[in-house]
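There are 2 protein chains.
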Amino acid sequence: MIADCIEMDRLSSEIEELGNISEYPLPAVTRVLFSDADLRARAWFKERCLSADLSLHEDAIGNLFATWLGQDPDLEPVATGSHLDAIPNAGKYDGVVGVLGGLEAIRALKASGYVPRRSIVLIMFTAEEPTRFGVGCLGSRMMSGVMPLARAELLQDENGLGLNHWRGRAGHVSEMSDVLLDRGAFSSFVELHIEQGPKLEERGIDIGVVEKIAAPAAFRFHLTGAGGHAGAVLMPDRHDALLAGAEIALAVEKAAITSGSADTVATTGVFEVKPGAINSIPFAVKMEVDLRDTDMAARERAEKMILTQSADICTRRGIECSLETINSDEPAVCDANLVSLVEAKSLELGFSTQRMISRAYHDSLFMARLSPITMIFIPCFKGYSHRPDEYSSPEAIRKGVAVLAETLKSLSL
Amino acid sequence: MIADCIEMDRLSSEIEELGNISEYPLPAVTRVLFSDADLRARAWFKERCLSADLSLHEDAIGNLFATWLGQDPDLEPVATGSHLDAIPNAGKYDGVVGVLGGLEAIRALKASGYVPRRSIVLIMFTAEEPTRFGVGCLGSRMMSGVMPLARAELLQDENGLGLNHWRGRAGHVSEMSDVLLDRGAFSSFVELHIEQGPKLEERGIDIGVVEKIAAPAAFRFHLTGAGGHAGAVLMPDRHDALLAGAEIALAVEKAAITSGSADTVATTGVFEVKPGAINSIPFAVKMEVDLRDTDMAARERAEKMILTQSADICTRRGIECSLETINSDEPAVCDANLVSLVEAKSLELGFSTQRMISRAYHDSLFMARLSPITMIFIPCFKGYSHRPDEYSSPEAIRKGVAVLAETLKSLSL
Chain L
1 MIADCIEMDR
11 LSSEIEELGN
21 ISEYPLPAVT
31 RVLFSDADLR
41 ARAWFKERCL
51 SADLSLHEDA
61 IGNLFATWLG
71 QDPDLEPVAT
81 GSHLDAIPNA
91 GKYDGVVGVL
101 GGLEAIRALK
111 ASGYVPRRSI
121 VLIMFTAEEP
131 TRFGVGCLGS
141 RMMSGVMPLA
151 RAELLQDENG
161 LGLNHWRGRA
171 GHVSEMSDVL
181 LDRGAFSSFV
191 ELHIEQGPKL
201 EERGIDIGVV
211 EKIAAPAAFR
221 FHLTGAGGHA
231 GAVLMPDRHD
241 ALLAGAEIAL
251 AVEKAAITSG
261 SADTVATTGV
271 FEVKPGAINS
281 IPFAVKMEVD
291 LRDTDMAARE
301 RAEKMILTQS
311 ADICTRRGIE
321 CSLETINSDE
331 PAVCDANLVS
341 LVEAKSLELG
351 FSTQRMISRA
361 YHDSLFMARL
371 SPITMIFIPC
381 FKGYSHRPDE
391 YSSPEAIRKG
401 VAVLAETLKS
411 LSL
Chain E
1 MIADCIEMDR
11 LSSEIEELGN
21 ISEYPLPAVT
31 RVLFSDADLR
41 ARAWFKERCL
51 SADLSLHEDA
61 IGNLFATWLG
71 QDPDLEPVAT
81 GSHLDAIPNA
91 GKYDGVVGVL
101 GGLEAIRALK
111 ASGYVPRRSI
121 VLIMFTAEEP
131 TRFGVGCLGS
141 RMMSGVMPLA
151 RAELLQDENG
161 LGLNHWRGRA
171 GHVSEMSDVL
181 LDRGAFSSFV
191 ELHIEQGPKL
201 EERGIDIGVV
211 EKIAAPAAFR
221 FHLTGAGGHA
231 GAVLMPDRHD
241 ALLAGAEIAL
251 AVEKAAITSG
261 SADTVATTGV
271 FEVKPGAINS
281 IPFAVKMEVD
291 LRDTDMAARE
301 RAEKMILTQS
311 ADICTRRGIE
321 CSLETINSDE
331 PAVCDANLVS
341 LVEAKSLELG
351 FSTQRMISRA
361 YHDSLFMARL
371 SPITMIFIPC
381 FKGYSHRPDE
391 YSSPEAIRKG
401 VAVLAETLKS
411 LSL
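Protein sequences appear in the order of chains L and E. Under the working numbering, the first residue of the first sequence is numbered 1, with each subsequent residue one higher. Under the working numbering, the first residue of the second sequence is numbered 1, with each subsequent residue one higher.
One chain only, chain L, in its complex shape (with noise of 0.2 Å):
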C-alpha cells in the first residue's frame, strides 16, 4: 500500500528543518520572496528534490517545476504544489505542507513501486504571500496570465526595488514570457494546504475537500494629511492622517461584520505611519486592506460601504486619499470530478471527509485559469495560521498525504 511507503518521521523532520531556514528563529517563521532566508530554502528544497531523483526547471521568476516524468511524456502531466515563503511572524505549515508533502507523496508512489504514464510535476509557486510587492499568489498569478507581464514588471517593493531587481538577485534572468503557460498545460491541479480555520478540528473531520475558492479584494490607501510638532498644534487645526487610518480601519471592521454575510472578512493588516515619531502630528498613513467572501454580492457591499465611510472620514478630516485597487479577484470553482476523486480515495484509506469553501487565497484560484483543480484540506491547531503557533499533527498530515498520493496515481495512471 502506499499509504506504508509515507515515511512520516523524514517529513516531520523537513518541515522542522526548513522552519530553521528563516529570517527569525523558530516558532516565527518569515521567509519572503527572495530575502536570504528565501533563497536558502530554496537551494534546500532543490536539494531534496534531487535526491528523489526529480528533474527541476525554474521560469524566469523562480516558480521551481520538479518533475517525476512518466512514461507518455507527451500527456500533459499531473501537477501539485504549494509555496514556501512565509509572511513575517508566521508557522511553519502553510504552503509547506503541499510543498513537502507533495515530495513525500511523489517518493511514497516511487517507493510503492507504481510508474505513473503521465509525468507528475511539483511546483513551488514563488511568492504566494503578498509581503514583497503587495500581490499575492504572484508566481500562479503571472503563470495564468491574470497578472499581464508588463503589469509585473512594474511592481515595486517598499524601497523602491522591482521584480527585476529581486528575480536578478535571485539568479532568473530568462525572458519573462516564459513565465507564462498555456491553459491545458497540466491535466490537472491538486494542492494539499492546511485548511487555516478551525472547521476540519472541531469537527474531528480528517480530510476537507474544496469545492470553491472565496474571492479576495485588497485596496491600498495612500492618507495625506498635515504635519507639525505635537506640542504646538492645536486640536482644531490638526489634519492628523493617523487618525483618519483609525476611523477607516474601524470602517473596514463595520463593513465586514453588516454585509448580510457571516462569511465576509476583512483586515487592515498593513498600517505605515509617517514620519512616526512621538512627538510630531503624523501626516501620511499607508493602508492594505484585504476584503474576501465566496459570495461576491456580500463583499461587493461590504467594499461599497469602505469606499463612501472612507471618502466621507478623509473630508470631514481635511486628508487627501488615494485608493489603489491591488487585486480583485473572481472566486475558483473546482472540478466536480476532481472533488469526488479526492472523496472516494479518502474514502477508501478510511478517512472521514467534509466538502468545504476555502476562505484563504491558494495558488489554486489561479491555477484554476490552466486545469481542473481541487485542494485538500487538513485540520490545523484551533485554525491558526500566519502565526507562529501554526500546527498540524504528524498523522493529520500523513492522512493528507495518504489522500494526495492516491489522488496523483488515479490522475496519472
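Source of the hints: derived by calculation from the structure; they are not laboratory data. Be a bit skeptical, because a hint or two may be false.
Pairs involving identical chains hold if they fit within one copy or between any two copies, as the list cannot separate such chains.
[Said to hold, decoys possible] Dumping the calculated BS3-like pairs for lysine-lysine here, alpha-carbon to alpha-carbon at most 30 Å:
(1) K382 with K254
(2) K254 with K46
(3) K254 with K304
(4) K274 with K382
Given chain L, work out where chain E should sit, using these hints.
Chain E only, in chain L's frame:
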C-alpha cells in the same frame, strides 16, 4: 552696534549646509541621535566652534559645551544653546536656530569688540528629540538629574541597543557620572528657538518671550491580541490589536478635545503593527502617545480619560494592554528678571514683543532645574515645525540673534 556685526549671510548658509547633513535629502532633514548624519553634523559643528576660537568640552553622552572664556573664569558662566538632532522628515530650523544662532551671537559679540566678564557657554544638547530612545531632552534631562544615570543605562532603541552602545560608537567613553551638573552650574540659561506655533507670525510680532513651558507627558501602549490568517478567521472570533489601537487613538484625540482646556493637545505619533502583512490579522501594536498642557489639571483629566477608555476598549476586544509612562514632566516657570531683560533688549532694538507660553518641549524645561531660564521665540511660517516646509526668514532669525546677543552681553558683563 552688536546687531551690525551679525553676518546673516554666513548664518543662512550654515543653516543650509547643516540641512544637507541628513539621512534624507533636503527639504526633509533627519538626524537621529548618533546616526551617521548626527555624527557628521556634530563634527561639522565642532569645526565651526573651533573657527570661532571657542574651547570645546564633551560629556559622556555627547552634550557639547563650547566656551568663550570670560575675564573672570571663576564666575558661573552664562549659557545658551539648543539641539541639532532632528526627527525623521523634519525641517532645518528646529533647534538649529538656537545652536547656530547662538554661535552667531557669540561671533557678533566678539566682532563688536566686547569682552565678557563671565564666560559664555554655547551648549549643543544630545537628543532633544526622542526618536532613538523614546525619551525627549535626554541630554538636559540627564544633566539636570531628572533622569537618574541608572535609568538612562537601561534605555534601549527599537533594536535593543542601549545608550552605552550608542555613546561608545560615537566615541564617548568617559564615566556617565560626569553628565550630572550642580544646581547653579550656570548663572542663567537663555534658549533661542523658532515658535513652532503660528501666533507671532499671525500677529506680526518679532520676538516671543517665554514665561512658562508646558508640561508634557508621554505613554507607551503595548497591545497584544491574536493573529491569524486574514481570510480564515471570522470577524466575531477576532482579537485584532490594530482595531483596539485605532479606537485608542481616537479616544486620545477625544480626551484632548474634551479636557476643558483649549490648550490640551494629544497625539498618537507612533503606531507600529505586527506582523504588518496585508493577509494577516494584526496581533500586536506599539503606540506612543504625547499629551501636553500648561494646565496640569486639564492634562490630568485628559490622561485619566485616556487610561480609562483604553482599558475599556481592550477589555471589550479581548486585547492585553500594557501601559508604560515614558515621562510625566512638571511645567517650568521662567525667571521674571530674565523675561524682563529679554523684553527690554528687544525694545531697545526696536522689535515688538509678546510674552507667551511654550507648548512645545525644550531643553530649557530641564535647564530650569539648574539655573534661571527663559526662551526667545521667533516667528516661523504658519507655525509649521517637524516637517520639511518648516521655515523662518533670515530677517526673523537676525532679530532673534540680535536679542540673544544683547541679552548674553547683559548677563555676562
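These are the hints, each one checked on the structure:
no., hint, result
1, K382 with K254, "within (25 Å within a copy, 38 Å between copies)"
2, K254 with K46, "neither (45 Å within a copy, 56 Å between copies)"
3, K254 with K304, "both (12 Å within a copy, 28 Å between copies)"
4, K274 with K382, "between (36 Å within a copy, 20 Å between copies)"
The structure fails hint 2 only (numbered hints given earlier).
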